[in-house]
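Q: On the provided structure of chain A, position chain B as indicated by the hints.
As a plain string of letters, each chain reads:
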Amino acid sequence: MPEIIIRTEKLSKNFVSKDRKGFRSKKKKVEALKDVDLEIEEGEIFGLLGPNGAGKTTLIKCLTTLLIPTSGRAWVNGFDILTQDNLVRASLGTMLMGERGLYWKLTGRENLDYFGALYHVPKKVRRRRIEELKELLELEEFLDRSVETYSSGQKMILAFAKALINEAPILILDEPTVTMDVPTARKLRRIVMDLNERGHTILYTTHLMQEAEELCDRVAIIDHGEIIAHGTPDALKASLVTEETITLEGVIPQKVTEDIRSITGVKAATVTSEEDGRTSVSIVTEDSRLLLPKIIEKVVGNGATVDFIKPHEVTLEDVFIAKTGRALNVDTRVVAEREGGPSGR
Amino acid sequence: MAVEKLGLTRMSRRSNLDIVWTVFKARILIISRYRGSLFLETLIPLVFAALPILIGLSVAGGDAAASANFNRQVGTPDYRLYMLLGAVTFVVVSIMLWIVGFWIRREMEMGTLEAMYLAPAKRLYLVSGIATYAFLRSLIAFAIALGVGSLVFGVNPFQGEIALATAFLFVGLIPLWGLAFLFGAFILKVKEANSVVNSAQWVVSFFMGVFFPIAFFPPFLQWVALSFPPTWMNNGVRAALQDLAFFFGTWYFDLAVLFVFAAVVPFLGYSFFLRTEHHMKKNEGVGQY
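Chains as they are written, first to last, in numbering that gives the first Met the number 0: chain A, 0 to 344; chain B, 0 to 288.
Source of the hints: derived by calculation from the structure; they are not laboratory data.
Among the clues, some could well be false.
Output of the computed footprint for chain A on chain B, the stretches with three or more beta carbons under 8 angstroms from beta carbons of chain A [unchecked claim]:
hint : region
1    : 26-36
2    : 73-80
3    : 109-123
4    : 271-282
Idealized CB from N, CA, C, for every residue including glycine.
This is chain B alone, in the form it adopts within the complex:
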């Protein structure tokens, strides 16, 4: 029996989608075999939101005083919902970024990264599979945490412009794919995920304005925060649900900025990832860990 020139390989658009689906499915299978991790993930934003709420209460000296103070400073008395929305949006951002970073690191250590690089699968489809998985996980965590958090903190998230808030959330997820590529490239280069994630966690939440409006920053830091797409997503969700101010005054300008980020950041992130990978292959390769 003659062996075909490319064996059983049949490259097509369909086979590329099959790669995305297979990578996605494999991640779902693997996480389903680590019972409890999904459950714990939904608790994180509750703890994350509880901290500033309790600090606010203790500093202000009671709920009424805290609400009045918060209303004066931020423009809404519902500081609990404000914190909860910030925390659940931050969880979406962190799951999207950290899953890609930890994924690359784990695959490096297990040797499966080189095994993937041996196959004729384009990185775009491999990382799209992971990003789709991260997308699903982050949305599940968002929904559960928001639901449970609303009960725990006694707030109603279903007020204001729900459709607009959803639009900000979904459009804001697209540049996160690009940031995930950037973050993945960085992990590929430094060969370390834990310390990077631990420190980046605080930097990201700080610049996103998870617990306070970025208007509190000095001007330079405000510009840094505004160059970070999740800041726009976070502010858009809150502004739509809590009737707060958009950065440009109207929702469509803010959403337009997020669309620009959605068009540019994935392209930049992917290019940077490929450049980093090329650089590594010119030296010691991607399998060194």
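So that you can see chain A by itself, here it is in the shape it has in the complex:
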């Protein structure tokens, strides 16, 4: 049975943040993590999913010892994050701030050498490792140029290389593909899978559900600082099989969702705006065939135009919608503001 390599017990993190209006500011307490219990097994790719502001980065910052939790405990690679923080950091290769965190006046090679030294990687080993990473990530073209001349994608790849410099047993990748073009993101995901096959445990945060489904052995969905669901992607999707999801596309006003939710048998409804100005509404129901006429009546009655109706396969996004009642692209902090409650970050 695989060992637990990352474990948290009732991990909580509160901040004091300031709301500013002009020259005035008001302090408020932010509960970024609430009693998070998590177990990640050695050798798996574990996805941490959630919208912006849900608490993903705060959890990662606690695990990487950048933040001290308000309460609770956590262990990484068997080391306590509070009392053995240096060994925790030595166990991790972390990509946290995307292209930030690089010295722009240094070359890619100088950056890797610098951070390798900070990870106590001996000089000779560092040189060999940089050559390995050059091959693996195809850095040849730009490794000896100043980082300030890099494209955004090249900076992200170098940041990824930096996370690999110490060949740590655990990799923490926080939204690593967020500014990458499609082919580069695909290449990075392939490398992540290769690294996992070689024995690295990977904690991968994303708000892209397809990415999580493609990569992760298990996922946890986090919202408002709480883990609201966890398991394998298949198991999470199977939990919704008793429910059906249909999507209506067209020009649909936001207020329709309230009317749809009022229909008995509708579990959740959420409107998403598309880039072309159109909207779609995803509805989770107990029996779509039975409820569809009522739904259409409500939608059309609100002045909406429906162009297309499609049933679709259950995705992790649907799991999120079923658990929270809203889509992933809605920032948790904005929702918290609206609801007057605390938010994650």
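A: Relative to the frame of chain A, chain B by itself:
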């Protein structure tokens, strides 16, 4: 292939020294890519010393009158060398302090501070790398500014007890490391460097007695000035080279005080830095800027 428990990390005394060297080397590489900044840095003390010299000349009504007045008040007629020594010593102090402060601020803004905090490198070695770099830069600036300044102002700095002046300079640099830690912690907390440096610049030069003996202060301010290690360094260098009075009358008592500062201030500064860092990690973290 099995992954090792700590990957390629091999913590040792040697790897700690490697961190100091790598941080130092990276700073040298970065500054070498900002051409001109080192050159400009050496001009600062010349301008800094020229101001009071010219004011002195204009107030006293000529060089002879200025020398006579200065001799009566301070104990040496060579007011140009006095100002130049004060200015170059002040540049050493300010480079040591401001480099650490600006370094923390820049790293915060660039995101590299968090990247460093992700690594298992102890702060002591990171900041030692920076302090070593600041130490080298300040000594280079000191040497060049003193050399060029001596030519410009027509003074001879190689008189008096040169070895003793060097001892005051080097021992005085050690408590500056501690003050740099204190200053760095303050910048970490307030997340602002420019305004802090701009205002602290004048406070530091005032209390160091860059252009006048601190005996001119009222008693309370004299005590404040004497609690500041660079005041002892500045006075020691001048007293050794210009045959002026030491605070305690003899050089060894003054140097002993500087040694006490050297033993205590780095420890206090580092402890304060770690406390500030811990406090920040308990709230929003060091990466917020």
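Q: Hint by hint, say whether it matches the structure.
A: Each hint tested on the structure:
1. Given as covered by chain A, the region 26-36 of chain B passes the check, having 4 residues with a CB less than 8 angstroms from a CB of that chain where 3 are the minimum.
2. Remark: the region 73-80 of chain B is not confirmed as covered by chain A, as 0 of its residues place a Cβ nearer than 8 angstroms to a Cβ of that chain, below the required three.
3. Given a C-beta distance limit of less than 8 angstroms, the hint that chain A covers the region 109-123 of chain B holds, as 12 residues qualify and 3 suffice.
4. Against chain A, the region 271-282 of chain B contributes 4 residues with a C-beta closer than 8 angstroms to a partner C-beta. That satisfies the three-residue criterion, and the hint holds.
Consistency note: the structure conflicts with earlier hint 2 alone.
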